[in-house]
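A.B. asks: Each chain, written out:
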Amino acid sequence: MAAVQWKNPVIKWIDYRLPIFTMVHHDLVDYPTPRNLNYWWNFGSLAGITLVIMVLTGIFLAMYYTPHVDYAFESVERIMRDVNYGWLIRYLHMNGGSMFFLAVYIHVFRGLYFGSYKAPRELLWIIGVFILLAMMATAFMGYVLPWGQMSFWAATVITNLFSAVPLVGEAIVRWLWGGFTVDNPTLNRFYALHFLLPFVILGLVGLHMWALHVHKSNNPLGIDIKSPSDTIPFHPYYTAKDMYGLGIFMTVYLFFVFFAPNFFGEPDNYIKANSLVTPAHIVPEWYLLPYYAILRAITFDIWFIPAKLIGVIAMFASILILVLLPWLDRSPVRSARFRPLYKQFFWLFFVDCLILGWVGANPPDAMLMGKISLLVIGQLATLYYFAFFLVIVPLLGIFERPKPLPESISAAVLKPGAAE
Amino acid sequence: MRALKFAALAAAAALVGIGLASAAEAPPPPQKNWSFDGLFGTFDRAAVRRGHLVYKEVCAACHGVKLLAFRDLQRVGYSEGEVKAIAAQVEVQDGPNDQGEMFKRPGRPADRFPSPFANEQAARAANNGASPPDLSLMTKARKGGADYLHALLTGYGEPPKGMKAMEGLQYNKYFPGQQIAMPSPLNEGQVTFPDGTKATAEQMSLDVTTFLAFAAEPELEDRKRLGVKVLLFVIVLTGMLFAVKREIWSALH
Ligand code: HEM
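As given, the protein sequences belong to chains A and B, one line each in that order.
The first sequence maps to residues 1012 to 1431 in our numbering.
The second sequence maps to residues 2 to 254 in our numbering.
Worth flagging that the hints you see were computed from the coordinates, not collected in a lab.
We put the CB at the ideal spot given by N, CA and C, even for glycine.
One should not assume that every hint holds.
[What the hints assert, rightly or not] Here are some of the chain A residues that sit facing chain B, going by a computed Cβ distance under 10 Å:
(1) L1099
(2) Y1248
(3) M1254
(4) L1257
Construct the complete structure from the given sequences, taking the supplied hints into account.
C.D. replies: If you want it as structure tokens, here you go:
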């Protein structure tokens, strides 16, 4: 890559000392990108933009929010009623959380489908898994801040999970709470961490980008970039495509903000927290429902290990298993387009995750059409979830016969005789 | 392959739609046409005024709307003078003054609607042990929102055969558990509307629900008005961005 010649003397002066303009040029303008990326590749930049929106709206909320059990609920209502455009900031932040997870989940399924986790992008993928974990922690603690009924009871249920740890469980829970129940110290520390973690995420995103730009983007064919004709410069091609995608994303996002701002929320969270009244159904936000279903699917002890502990382990394992995926999948072919069997199991896995989410949203003793227990559905779905990673994917790596791969990106996407 | 993808999406759509059989839950509240529904919804001004009256003369004996300030009423067409007069009708505890004493003064527009009971214990003591919840956020705090509220207020009646409401509780079809500690609050002719509207229970319920929907979301009209403009803007912008993208990429295809 040739060094850029800057004309503007100020830019030239700065760039000579701190080559920040050269870096931007290198990573956002000239940056060679596979020419065949489809719209599923938009969701990374969408997630990044959403993260920025979350930080900005969050800072403004923090200027008015009061982290105290006696005032938190009312302070949020003050933001809604008395702060100029406070309702807008809060609804942007609330729905932004959901849109963030939506973008990131699509981003992750994209990676699963096109094999983006395989060499040489294993670390890129693993950093992504840690971003996902940090997002979950951030969102969970943010949900506690408005101090509604669901805030309080979700905090109680989730922190109580740690009591499953043998011997020291109870001590850990009390340490997390800073007392003997979820109370003011809990709210305060959750607020401090909710403020901090997004910046940790920003740092992780920086690493994620760094790793990405070493080996460049994967692409729908899953084959490596072999020659310059396989790529196009990021600007103007992908800047234009990303902006168009952003337009659609914002349309959906802003529709919820202005016309259905509480669509993703629980009515119970507009009732102030009350430790004496337990809500009929305690449910987490939609993006955590599948893990909740996995947690509750384990209702049986194994040997001397109590069910609760296994449930907690299964829940954390359901995400951490993604870290191992690059080594569980031995197939040399990345893209599911050339993996006829993997493709089918992938879509089954996708539906399986939706089923888990649906099970998580309903009480465990509910019955489907009066006959089939949701608990059993949840258990089967959990079984498939883990079998996909631990059995199906490793076996496919050995037994699947992939279709022949195209010679190169440009050979596959450029019509014969086309220019270039 | 396409077929498989569609099957996956269809399954997803079906999941959302599947209802679960659950025993003896309250029936879903009937859906009403509210003035504040829809993209262009606004609060029916006359209904808010009537609902305000119903609230003041009936519900305020037991329920507060403590998050609503008098000045918020200006958002639904009350004049500044009216708001001052309404606020002045209540007494507000203020202080301490220079002598260190608390004192009472007439309310100001920035004050909030007063609650009938000093604390929850007093509320319970006056209501057979059940505390009437604050109504400020009621339409946001229940599944079904305004529809539920209206259904609840008009859902009293004789319990079905074989069921008997417990001592101090009334049968109400729409309340979870079907037994509620609130006596049926609305009876025909209980208030007289200055605009001549007939005060049937149904009418009073619709009106007070509109008033409470306003109390829960005083920003609703601003939000929807701004939303229409913002959405039009982003849709047009997106169309233009699409054209730009097509133009730029046309060099490649
Ligand atoms: C990773 C990005 C973030 C996520 C996923 C996230 C998520 C959430 C969620 C789900 C809520 C509860 C919404 C509600 O029901 O009101 C919330 C509330 C809140 N967040 Fe965040 N947040 C993020 C970043 C931030 C940042 C960077 C700040 C401040 C610097 C912040 C400050 C707040 C405050 C003050 C509240 C309480 C006010 C309220 O409930 O509306 N957030 N957040």
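A.B. asks: Hint by hint, say whether it matches the structure.
C.D. replies: Hint check:
With a least beta-carbon distance of about 8 Å to chain B, the hint placing A:L1099 at the interface is held under the 10 Å criterion. Among the interface hints, the one on A:Y1248 holds; its C-beta lies about 6 Å from the nearest C-beta in chain B, closer than the 10 Å criterion. Among the interface hints, the one on A:M1254 holds; its C-beta lies about 5 Å from the nearest C-beta in chain B, closer than the 10 Å criterion. Taking 10 Å as the C-beta cut-off, the interface hint given for A:L1257 holds, the closest approach to chain B being about 8 Å.
Violated hints are absent here; each numbered hint is respected by the structure.
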